[in-house]
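Protein chains in written order, with the numbering used here: chain A, 1 to 436; chain B, 437 to 742; chain C, 743 to 914.
Hints are supplied without guarantee of correctness; some may be wrong.
Distance condition first, Cα-Cα at most 20 angstroms in a straight line; then the derived SDA-like pairs of lysine to any residue [unchecked claim]:
#: 1; chain 1: B; residue 1: K686; chain 2: A; residue 2: R46
#: 2; chain 1: B; residue 1: K566; chain 2: C; residue 2: A783
#: 3; chain 1: B; residue 1: K725; chain 2: C; residue 2: V859
#: 4; chain 1: B; residue 1: K575; chain 2: C; residue 2: T784
#: 5; chain 1: B; residue 1: K652; chain 2: A; residue 2: I223
#: 6; chain 1: B; residue 1: K484; chain 2: A; residue 2: T381
#: 7; chain 1: A; residue 1: K401; chain 2: A; residue 2: T381
#: 8; chain 1: B; residue 1: K484; chain 2: C; residue 2: V871
#: 9; chain 1: B; residue 1: K542; chain 2: C; residue 2: R857
#: 10; chain 1: A; residue 1: K401; chain 2: C; residue 2: L820
#: 11; chain 1: B; residue 1: K461; chain 2: A; residue 2: R46
#: 12; chain 1: B; residue 1: K723; chain 2: C; residue 2: A869
#: 13; chain 1: B; residue 1: K725; chain 2: C; residue 2: P872
Interface residues of chain B toward chain A, partial, derived using beta-carbon atoms under 10 angstroms [to be verified]:
#: 14; residue: L481
#: 15; residue: D487
#: 16; residue: L600
Simulated from the structure, these hints should not be mistaken for lab results.
Here a beta-carbon is modelled for each residue, glycine too, at the ideal position from N, C-alpha and C.
One-letter residues, chain by chain:
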Amino acid sequence: MEALYPAGIVGILIFIYLGLGIWVFAGLLLVAISSLMLVLGMNIDRIGTIAANIAYRYASTWELAAIPMFIWMGEIIFRTDISNRLFRGLAPVVEHLPGRLLHTNVLGCTLFAAVSGSSAATAATVGKITTTELEQRGYDRSLALGSLAGAGSLGLLIPPSIVMIVYGILAEVSISRLFAAGILPGLLIAFLYSGYIMIRCLANPGFAPPSGVRTTLRGYLHIGLDLAPILILMAIVLGAIYSGIATPSEAAAVGVATALVLTILMRQLSFGLFLETLMGAVRTSCMVSIILIAAAVLSTAMGYLHLPSNVAEAIAALNLSPFALLFVLSIFYIVLGLFLDGVSIVVMSLPITLPLAVQAGFDPIWFGVYLVIMVEMGQITPPVGFNLFVLQGMTGVPIGKIAWYSLPFFFLMALGTAILAVFPEIALWLPRILYG
Amino acid sequence: QERWDLANEYPPNSVHAQSADTFIKALDEASNGEIVVTAHHGAALGYKSVDQFDAVGDGAVQVASSFVGAWAGIDPIFLVSSLPFLAPTVKDTRALYEASKPYYEKVLADSNQVFLFATPWPPSGLWGNKPLDSMDAIKNVRIRTYDANGTITLRNAGAAPIQLSWADTVPQLTTGGIDGVLTSADGGAAAQLWEHQSHFTEVNYASPLQIVHMNKDVYDGLTDEQKEAVTKAAKEAEDFGWGLLENRVKENYAQMKENGMTIVTDVSSDYLAALGKAAEESIADWKAKFPDADALLSDYESRRKQ
Amino acid sequence: MRRFQTIVFAISRLAAAISALALVLMVGHILYEIILRYFFATSTFVLDEFVGYGVAACTFMALGYSLEHGNLIRVNLLLARLDGVGRRVVEAGCAALTLGLTSIFIWFFWIRVARNVARGTTSSSIAAVPMWIPEGFVLLGLCVFWLQVFAYFLRQVFDTPPPVEAETANEI
Ligand code: NA
Ligand code: NA
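Extracted from the complex, chain A is given alone in its bound form (with noise of 0.2 angstroms):
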């Protein structure tokens, strides 16, 4: 118990700062300040270098990079015509689904997340492309943006992903079959979304405008022209990845070139446009960015705090059963995720809670892709939600209804969490078969 002081201590002052209204990022740095000094009592010499070398080394880091740069592509693809082209095409294809264009979300979100190892950039570059055009159209804003902030954290599930490479690299298991591992536990959740909307909008017609138009023979065949550049740039994206020409982190850069390039040969880039695009995505990236930065230094000093190795060592003491101890531990990943940024959960958690796991008989690629799905559940809750922060700063609407849009997606994932814990060859089926 007395590891919850602290997290106690945390928690009012993150309602405090944040409550008042602070920039987010100026109030999680505040938080992790005054944590720091209330609870340790350390000075300020020592606390300001602590922040500053922190601060440093993440916005330094090279998988910081593919955010700004995917941003860049989103803002590329939403200034010109294939946004619109991209809508157009899909119309028809979705035309007979209940729900429709509100699936939209969660099919670009899960081929986007094959293309990006990050939920913030998904969400950013999806959200980017979709949120306007839905809104405009008439769809029902709490399903358009709750499944847009669900789907964006599909980003870490579906192979490549950040979250799973450090993990994959502080467990020991294979970073390959990890990856192969998360695709089709992403897909069943992309399901699981997909499924949620029809039944909404079934039981609701409202969710959705009346569909209006009649799509002609003529129009099926545009639907390929239509969807043409989109297909394009991902095919090319996917290509570079799997071909080995470029890495990863790479790809991003191959999406702007690509997307660039497309437009110019669409007739559609001015010099003009080109700024707006590129100055779109300086502020908007700013944005997440520096949020994630002063993530990372309330990480560390939680880190400090020895809050996350705490309560872990104290739910190993409780001796549970593999299920109970699951439970348990889901219960902790899930508070965990209100208050911390997805790399940082693993990263302090991992040394207790995989041996836990092992030696409960759960298999450490399985636990990898579990884990991941726990971060993707911090993504969407308040106060400290990435997936919130960028749609708050894409749309405008505040966090507090985002994170209530989200609320039915956050028990999807949970009940997606049970389907896989039930049968955990959905998660090691795919790995066996490539791998041996």
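Let chain A serve as the given structure and place chains B and C with the ligands on it in line with the hints.
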């Protein structure tokens, strides 16, 4: 009671995490539980080795275990243990360590910290999809290297060194973007490189050091008994880390063979000489940067012959 | 007052132009590296290092500009319920706290940069980049941000309009 944090960039199962854990346990015993250290392996506190030099000096963290190669830009002395083919055997590595230790101690003392002990990384070799055991065999092979010396040396040897982050290395091997990796048997085994590679060629490229260091203010604030406990624990952990080396290599080799790898150990002395020649440029570069290089190297040679 | 606001925003925009340039250079460097590696089996040997500097510079140099455009998000629970003087008081309080926070970071980054200059610290790569350069960009970006927050603070105190309209609200 003293409560410290220890920062370490490498995973909990790595040799250096184990040495640090040994230090922590020994210190707990030697100080009768007066000094309690919490380890944060796997960069759980957020620091990389390159940050830990100032983090410890400034007192941001009391103790850290750091890869010295990362400090090459701070002082050229920290390059000596990663110079290619300078110390091919464990005995040589130890002699080189003894010769350079006073310099490490001085540079760390100048930055408000205390050198506690150092342990070696297992020697790096060449992972690949064929035996990389001759100058012909490594010609134009795309190999991932981890530092500037490796890049220079492999380029001079006719290979095609590629610098990638460790996180990108496995994906690039999977897709054939690179052909091989310069790393130890241990590092490769931890990343299960045998899923993509078939041969490990032992060339004993280098066994760079990992230094465990602590803040000087914290050290000066200890009682004499506590200081003694720190020294005793450091000695114990250092012996453990050096003793670990040979066993670890054997274990790694056994594990690699189990996973279908071929270990190439008896490469010709001509090949090693040619590689050594390719490394001369890095050694000369280092000598130009480090004024006491000749004194250090002659001390090393005399210790090596003992 | 109006003149001061305009000048500060001009500085923020200039810094943002450097951010944009950093982003373009990052993309360019990666493409160049891919071409070198794939067609010529060689490398610039400094990709992850330089791109890392790029992200840091890109993020920090754009802080002031993003703040002024309303892109740096905040939780509007309290602010949405206030207007007039009450809102200005809370806004000024937030700005003052952020100014204090930024000052702390400026001070400690200054120490880092000064030490890097004095010690001659370089990166450990083949390029041996003097570390005061990339960290200097972070410091510079923080200073620009400080100025912009200060301008924001003055606007709350004197109740004057901003030089640009926040753009986020009309994007949905
Ligand atoms: Na992904
Ligand atoms: Na959260």
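Consistency of the hints with the structure:
{"no.": "1", "hint": "B:K686 x A:R46", "result": "violated (43 angstroms)"}
{"no.": "2", "hint": "B:K566 x C:A783", "result": "holds (18 angstroms)"}
{"no.": "3", "hint": "B:K725 x C:V859", "result": "holds (17 angstroms)"}
{"no.": "4", "hint": "B:K575 x C:T784", "result": "holds (13 angstroms)"}
{"no.": "5", "hint": "B:K652 x A:I223", "result": "violated (69 angstroms)"}
{"no.": "6", "hint": "B:K484 x A:T381", "result": "violated (29 angstroms)"}
{"no.": "7", "hint": "A:K401 x A:T381", "result": "holds (11 angstroms)"}
{"no.": "8", "hint": "B:K484 x C:V871", "result": "holds (18 angstroms)"}
{"no.": "9", "hint": "B:K542 x C:R857", "result": "holds (18 angstroms)"}
{"no.": "10", "hint": "A:K401 x C:L820", "result": "holds (14 angstroms)"}
{"no.": "11", "hint": "B:K461 x A:R46", "result": "violated (27 angstroms)"}
{"no.": "12", "hint": "B:K723 x C:A869", "result": "holds (18 angstroms)"}
{"no.": "13", "hint": "B:K725 x C:P872", "result": "holds (15 angstroms)"}
{"no.": "14", "hint": "L481", "result": "holds (5 angstroms)"}
{"no.": "15", "hint": "D487", "result": "holds (5 angstroms)"}
{"no.": "16", "hint": "L600", "result": "holds (7 angstroms)"}
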